[in-house]
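J.: Given next are the chains, with one letter for each unit.
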Amino acid sequence: MEIKVTIMYKKKILVIEDEKDQLENICFVLEQAGFETIAANDGVKGLEMAKATKPDLVICDLNLPGLTGYEVIEKIREDPEISEVPIIILSVFPQPENLDIGLRLKVQEYIVKPFNFNDLLARVKQCLEEKK
Amino acid sequence: MLKLKEDVMNGCSFVKMKELGNGNQVEPEARIRVFIIIFVLCLFISGCSTKEGVDLIGMGKGPLEELLNKTSDSPLRVDILNELAYWESWNGGQKPLDYAKSAEDLAKKINYREGLVYARCILGHIYFLNGDFDKSKLVYEEALELLESVECSTGKAMAYNGIARYHQIRGEYARALENFLKSEDICKNTSDKKNKRVLAGTYYGLGALYYYDPEDYQEARKNFKRSLDLGKEIKNDIIITSGYYTIGVQHQSLEEFKEAEENFQKCLNLSEEIGLIYNQANAYEGLGDVYVGQVDELIGLRNMLVGVWNMTSELYCKYSSLNNLFEREYILIRQYSLCITQWLKFELEKKYNAALKKYKDSYELFLKTGNIFQIAEIEKRLGRLYNKIGDYTKLRDNYQIAIAYLDNALKRAQGTNIPKTVADVCEEIIKSYEALNNDQNTSPFYKKLLDKNEFLRKNEMLKQKLIIDFKNSEQIADNERIKGSFLLIGVIGLSIALMVVLGLSIKLRKQKAKIEEQAERLAEALKIEKEISNHKDDLMNTVYHQYKTPLANIDSSVQVLKEYFPKLSGQEIENQFNKILTNLEKMVRLIDQLSMFGKKFNPADYSLDTICRAIVEEIKSNEGSSHTIEFDSSDYCGKVKLDKDILEIMLQNLVNNAIKFSPEGSKIRVELLCEAEYVVIKVSDNGIGIPEDYLKLPFERFHRGSNVKAIPGTGLGLSIVKRYTELHDGDISIDSQLNAGTTVTIKIPKNSHGNKGDHNV
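Top line first, the protein sequences correspond to chains E and B.
Sequential numbering of the first sequence, starting at 1, is according to the working numbering.
Sequential numbering of the second sequence, starting at 1001, is according to the working numbering.
Relax, there's no trap hidden among the hints.
Straight-line C-alpha distance at most 20 angstroms; calculated SDA-like pairs for lysine to any residue:
{"no.": "1", "chain 1": "B", "residue 1": "1660", "chain 2": "E", "residue 2": "44"}
{"no.": "2", "chain 1": "E", "residue 1": "45", "chain 2": "B", "residue 2": "1663"}
{"no.": "3", "chain 1": "B", "residue 1": "1548", "chain 2": "E", "residue 2": "91"}
{"no.": "4", "chain 1": "E", "residue 1": "54", "chain 2": "E", "residue 2": "108"}
{"no.": "5", "chain 1": "E", "residue 1": "20", "chain 2": "B", "residue 2": "1548"}
{"no.": "6", "chain 1": "B", "residue 1": "1394", "chain 2": "B", "residue 2": "1404"}
{"no.": "7", "chain 1": "B", "residue 1": "1350", "chain 2": "B", "residue 2": "1261"}
{"no.": "8", "chain 1": "E", "residue 1": "75", "chain 2": "E", "residue 2": "49"}
{"no.": "9", "chain 1": "B", "residue 1": "1660", "chain 2": "B", "residue 2": "1745"}
{"no.": "10", "chain 1": "B", "residue 1": "1660", "chain 2": "E", "residue 2": "41"}
{"no.": "11", "chain 1": "E", "residue 1": "45", "chain 2": "B", "residue 2": "1626"}
{"no.": "12", "chain 1": "E", "residue 1": "20", "chain 2": "B", "residue 2": "1571"}
{"no.": "13", "chain 1": "B", "residue 1": "1567", "chain 2": "E", "residue 2": "37"}
{"no.": "14", "chain 1": "B", "residue 1": "1562", "chain 2": "E", "residue 2": "27"}
{"no.": "15", "chain 1": "B", "residue 1": "1562", "chain 2": "E", "residue 2": "122"}
{"no.": "16", "chain 1": "E", "residue 1": "45", "chain 2": "B", "residue 2": "1664"}
{"no.": "17", "chain 1": "E", "residue 1": "20", "chain 2": "B", "residue 2": "1589"}
{"no.": "18", "chain 1": "E", "residue 1": "20", "chain 2": "B", "residue 2": "1577"}
{"no.": "19", "chain 1": "E", "residue 1": "20", "chain 2": "B", "residue 2": "1659"}
{"no.": "20", "chain 1": "E", "residue 1": "20", "chain 2": "B", "residue 2": "1665"}
{"no.": "21", "chain 1": "E", "residue 1": "20", "chain 2": "B", "residue 2": "1586"}
{"no.": "22", "chain 1": "E", "residue 1": "20", "chain 2": "B", "residue 2": "1621"}
{"no.": "23", "chain 1": "E", "residue 1": "20", "chain 2": "B", "residue 2": "1568"}
{"no.": "24", "chain 1": "B", "residue 1": "1548", "chain 2": "B", "residue 2": "1577"}
{"no.": "25", "chain 1": "B", "residue 1": "1548", "chain 2": "E", "residue 2": "96"}
{"no.": "26", "chain 1": "B", "residue 1": "1182", "chain 2": "B", "residue 2": "1172"}
{"no.": "27", "chain 1": "B", "residue 1": "1235", "chain 2": "B", "residue 2": "1067"}
{"no.": "28", "chain 1": "B", "residue 1": "1061", "chain 2": "B", "residue 2": "1273"}
{"no.": "29", "chain 1": "E", "residue 1": "20", "chain 2": "B", "residue 2": "1663"}
{"no.": "30", "chain 1": "B", "residue 1": "1562", "chain 2": "E", "residue 2": "34"}
No wet-lab data here; the hints were simulated from the structure.
Sequences are here, hints too, so could you generate the full structure?
T.: What follows is the structure in structure tokens.
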């Protein structure tokens, strides 16, 4: 008898953001869209969570206490276990012109705050598709 | 949103440009300043030794004239004539030349050879002030020749000084230094008053050299102070006023406007009192510079504000369907913004007018004294100011006025043949023409413009040539310095051998240590300077971040409410509204702080104990953090005169700092102590502390410690607190240990009446 075990699981998204209000709202919207979320409110915790939970996607603010967003991303890319995870940057600053984020940090998306949640969701889904 | 970003970025780039601009402007400014300061070197002129022992140096112009009438033909009369020539030289005209000539004739007649030497030196000084530099040098060299047969240390020092000035204004710094050092050597260990006056002049010269060549402002300021102190010691008002002026210039180039203004004002008051037109004009010019500097600061602020306001209204329009939710706050923000913009406009125009008035006062006075070089200098400044006013008002007339002034300045500067000034003026004039060219309304003047373009091309070439000349002269000076240093190495080698033989190596070691120490200090000063400029770059980022973050938070809550309204529970909806409200409050607080700029300082009697307690309670209720804030006042201090709103901001800043930089849940202490004359407020925490390198400049604007990168802030907090403490006549000090905690102590005198009655905050 052939047993087919399919484990259905929600995609896990790690959100690293130091503004509590913003963090709660992002998690709320993602959960409403059927994702599982893990919240971290500073860079150090964010990196720990990334290593411990191995998320399917990371959404990361740049201006973070502890470790800056760039530092978190670099450390994630150095860790072979999670180095392939897609990352979306969220920042109040416009994307620096001289920084090719795709090339240097292998970051998929750069979103400037304030942002539209539908846009965020669309990009999240696109990132997860591409990963497959 | 695209437009919005552009606006904000325009704001950013303006501030950046301003900083760049300062970097480029202050430097040529500094060069010119040096030239001006050099004039001050002329202070040394005086008699070598008057046998009768009358104190001519401490005397004003009036008493000297009186004394002259009472004196018959004698060496004393020559000395008095010399002193008078020196005095009048500052006020220009034919008078100083007459005095100097009659001093010379009389000295020849009675064969008073020392007197003859001074008369020559004063003549050189007068020629120098009139912009006739070559003639001035010639006369000084003649004096040196005379000195081969006359023994007079002061005269020799004066002549070397004069020659040093000549080289300095030509940009030949190595030669200038050499001659200044010769002069210093002669007068260094003197107790003679006249020699001290020469020494004061030499310190000015050395200060100017440090100021320009290695740009060692600390060392320059030290030399200027030395000179001022000497001036006070020998009670010579000319040296004292010039001292205040140069120290003001120092502060001005470091953008310490308040200190600069104070010193210029001191110079102005004293010069007016003694009737020294030259330094009075200098002081007016300095004050004008201060106001221009402040205008630049205000414009930066205004552009920032415009960016913030555009952002707010854009967001508001984007969610117009939810307007009624935060209409009240929106209107509040708008009112604040309008208020501030109005105030800024008012303040800007006030400053422009003040600067203009000071420059014109200065211009008038210099026209009276007839110092061509100084007149060119002030015309250049007037031109530059009119260019700025043109940029601000967008009225083309201003550029035309600027061109008129600059044209004059150019003619004069070409006459004095100082390449750097000509180059500066050309640069400014080209700016005016470019502005006129870019102005679309200029078309009726098209034909005229063609001529101007011709001028532009010609002058561009002239400018290039001048710059090359100037560079060449610098290069020659450099080569000389290299040659000089070979010679120096030889001399040093020889003297080392001698010293070792003589067992004097200890002395040498001391000297070496001193040189090393100086180099170290220079490196240190440069490092701090660089850090400050880095922090200024950070400022735009942090301000941007601070304003945009609450807006982004509001935006996201509004979206959640809009999209998920039916799914939200009553509690969740309330939460979202609360988020919007707290973030709006954050915005209002930020704008509130900006609005404090326009407030008048308004002290009244308050019981400090009650008021501090109330403020701490308010902070506690506003802060959602887990910190414990303790308030402790064991003594009752009685009533103290202070401004409640300002005290509130001071305490808020200090407590917010303590919260930001200490771990969650830790304790923050606000303590109130009574001393005989003072009340003392202490705010302490157990936070990350302040690194030693930062403790040197904790009150510097935009300066942030190296360990606070991840914690948002503008680096303005402590500088605001310091300024407000000063308004209360108080003192502020800071005591900190890395990773152990920080205590900020504020002392306010009990019977303070506030710094200045209607001072702007």
